[in-house]
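Turn these sequences into a full structure, and let the hints steer you where they fit.
Same order as they appear, the protein sequences are chains C and G. Okay, so the first sequence: first residue is 1 according to the numbering used here, each after it adds one. Okay, so the second sequence: first residue is 1 according to the numbering used here, each after it adds one.
A few of these clues could be false.
What the hints assert, rightly or not - Result set (DMTMM-like, lysine to aspartate or glutamate): computed pairs, CA atoms no more than 20 Å apart in a straight line:
hint	chain 1	residue 1	chain 2	residue 2
1	G	K127	C	D81
2	G	K2	C	D96
3	G	K2	C	D82
4	G	K206	G	E24
Stated by the list, open to error - Negatives, chain G to chain C, calculated, CB over 12 Å:
hint	residue
5	V115
6	L150
7	N228
8	N251
9	R254
10	I270
11	T289
12	N293
13	Q362
14	R499
15	G514
16	E521
17	Y524
18	A528
By construction, these hints were calculated from the structure, which means they are not laboratory data. Note that the structure is predicted; figures quoted are calculated from it, not measured. Backbone N, C-alpha and C define an ideal beta-carbon position, used for all residues, glycine too.
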Amino acid sequence: MNRVIPLQPTTDTCDSADRAILKERGQREVFCGLTGIIWLHRKIQDAFFLVVGSRTCAHLVQSAAGVMIFAEPRFATAIIDDHDLAGLADANEELDRVVNQLLTRRPDIKMLFLVGSCPSEVIKLDLSRAAERLSKTYTPRVRILNYSGSGIETTFTQGEDACLAALAKEIPQHAKLHPTEREVDLLIVGCLADIVEDQFSRIFNDLGIESYAFFPPRRSGDIPRLGPNTRYLLVQPFLTDTARVLDDLGAKRIPAPFPLGVEGTEAWFAAAAKAFGIDPNRVESVIAPKRQRANLALERQRQVLNGRSIFFFPDSQLEIPLARFLHRELGMQLTEIGMPYIHRQHLAEELALLPTEVSLSEGQDVEKQLDRCRTYRPDMVVCGLGLANPLEAEGLTTKWSIELVFTPIQGFDQAADLAELFARPLVRRTKLAA
Amino acid sequence: MKLTLWTYEGPPHIGAMRIATAMEGVHYVLHAPQGDTYADLLFTMIERMNKRPPVTYTTFQARDLGGDTAELFKDAARSAYARFKPDLLMVGASCTAELIQDDPGGLAAALQLSVPVLPLELPAYQKKENWGAAETFYQMVRLLGKDYVLPPGEKRKPRAPGLPPSCNILGPTALGFRHRDDLVEIRKLLRQIGVRVNVVAPLGAKPEDISRLHEADFNVVLYPEVANSAAQWLSKNFGQPSTKTIPIGFNATRAFIEEVCTLAQIHCDIEELTKRSRARWYALSVDSTYLTNKRVFIFGDATHAIAAAKVASQEMGFQVVGLGTYSRELAREVREAASQYGIEALITDDYLEVEQRITELQPELILGSQMERHIAKRLKIPCAVISAPIHVQDFPARYSPQMGFEGANVLFDTWVHPLMMGLEEHLIGMFREDFEFHDGAAPSHLGHGHQRTPANEANVASEPTPVPEVAVANGAPVTESVWEPEAQRELNKIPFFVRGKAKRNTERFAIERGLPTISLETLYDAKAHFGR
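Written as structure tokens, this is what we have:
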């Protein structure tokens, strides 16, 4: 069985404990980690994701993806049935058969993720052993990895973390396979849209950091090598396990806020530059024109958003950096910021930038939180798809948090796009009211 | 284990949610891990419902599995009861909770709530969504109706003279394909016939309405997938007969009226009632001639698929070349229906099998679910959606029933719309060198969603795929034939909407005769051989 990722850490791992956080335990209105597949399968372009789960898992992934993907999806479900429940030995044989069927159908697949689900966890179907067993058959044509995206262990974006952690564990093996490749000084960790990766590459080049790589790579064969001096920068606040694997491999995290908004992006690059001893004047000369252009673009959205209040239901775990951006750069008033869980260490720089009076909540009891939201009556509510229309029907303006996961929002040139995602529902409501 | 890329039906507890969400005064406590709350968005996003489904999830986690999940369930049930004050509480488990065997029914009974509790046992590893809906509805009808069951041997009392005949309408649910609009249409029709509607269930019903089902003279079963088992129980225990005809299409609506009149023991003027229908005259009109024997492939839930085949064949003049369903419970009915068209039914819940059959058949129109729309888009075949699984666009803002006479009108429009219009089809054939009538031009009446570009068109139908040189010298059987350039150019002159079929037929013709290359002559020989 896979290691259990606590949905809510039971002990706080670090400082800044002076900030009160409301911890709740009840019904959660959050996707499970399986949904990460929706963007991961487009990001790692020769990988396939096989959920080993129930019909519910298949239905979930399909509903979350919409029935709207025109290409054949690079994900599927091996649906467990009562025959498999009768004996685990059979279930393993069945899994091997399904994997064979799949790899015959898709000879282009270079990496296969076996994705654990709630039922496969509960029946203790050992996917790491299955991956090992199957690897023996399919190496070197296909590498077979596994991770858990189950709802009893992961929430929404934690699926990406679990997937990347599994991939990060491949780094040492990979180094053996490709001894000719260079070790990288800087690893940028977390899924970014290709366009954002390209923008960031240009900035790193301008800063004079030449040895860097993005993780996950676009192609599964391009896994970078780590050296004794490799440092890494997280682009997402939910990469706890991935960070732990990299730490174990000897890489060092560069603490930084996340690259959302002008301020966050600047601080993120500045942290990297500082870690590599780059002259602050050079940093300023690279960043200044980008900062100026981004601020100019933000101005229009600031007029819409300034002074408006916002409430976050827990969902993507991007809530704290988003709230920081909306508050500090666009003048929005924060009411409650809900997060599925708060990793205090990775978020330390972000928390320091938040006003002290804002309510933070961790975990969820959706009915109670809805009550608080109705009391606040904020100008805007950020929530998942299950709550959005019902809240709109109550006269509240909402922003689907899922869009914040699928849209390129990181970096200077996306700061205004990110602000616009929040401005648009407000503009729309005004237009329809007129 | 079964490999699935897309699935036609959700798990059975989604079926139970469709019943709970359709009703008033019902709350469902579902023992489930957090991911299962995705189900809410089926209703709030796909159906655009303005309130959350009445479901409380227990959201248990890995670390609860050691022992206190049962307590978690009781807490959730207790607080859901206190907050929502339902008239009936449904309790059950999703697939994961089924494995941990907490017995929600027993736990809920131990709470001694002062409302009826409906415990649901929905085996998630054997059954699917429609079965779950049917079982839930049946169990509810039984629970709330058992006190009124006729004693053994006792017959139903005849209706008191002077009272109008009454019926229940059974089957419409939340997230149903056009259930909301069908219901409006059928209610209207029953009023015109002179039959009073006692209860509609589950859509819009309260638990107290369910316990009044026995008061009606008979039942109108609109969606057998959901209502059959409940209707059978009502028939057995209250002597209520139920309708068998599904009023989809002009002919079926007439037959439905006759059936209702027989069950209600009344007469009505059918000719008067049919006056509103345009579909029949439209199908007879000269412009519809081009629809003759259009080859259509039909797939969906059994009820809609069988009905669509009947309408396609008898009311639109199409040729049904494929018919199938994912509803295994009604496979026999679909097989029987298919045999009427001289074809074998495709009974499968494997999306890939359906895709393969469609690719082989190269129909000119597909009537299916969102899954088939998906396939059709890839194969560039016109398609209309007739069944669940559905998407947000299948809940149109306008009134758009499938049933009754208005439903027949809607079917005519929605099925004919994706096709070229009569004259347009001819013009494209005649003026194909004309710059405005080239293959790449979209049908003039279709929106941007149907635009064809010469490039993607070529990929699908026109360009014969390059095939390797076939070695004939060694006497091996020919398995692939190569198009000669001249024949290929000629093939490209055939209008795109029949080109795929022409290409396939010609290749088949060539292979059957062991021809390694396809010449111009082969193309026309094949055309003469297969006809159209």
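Of all the hints given earlier, name the ones this structure violates by number, lowest first. none
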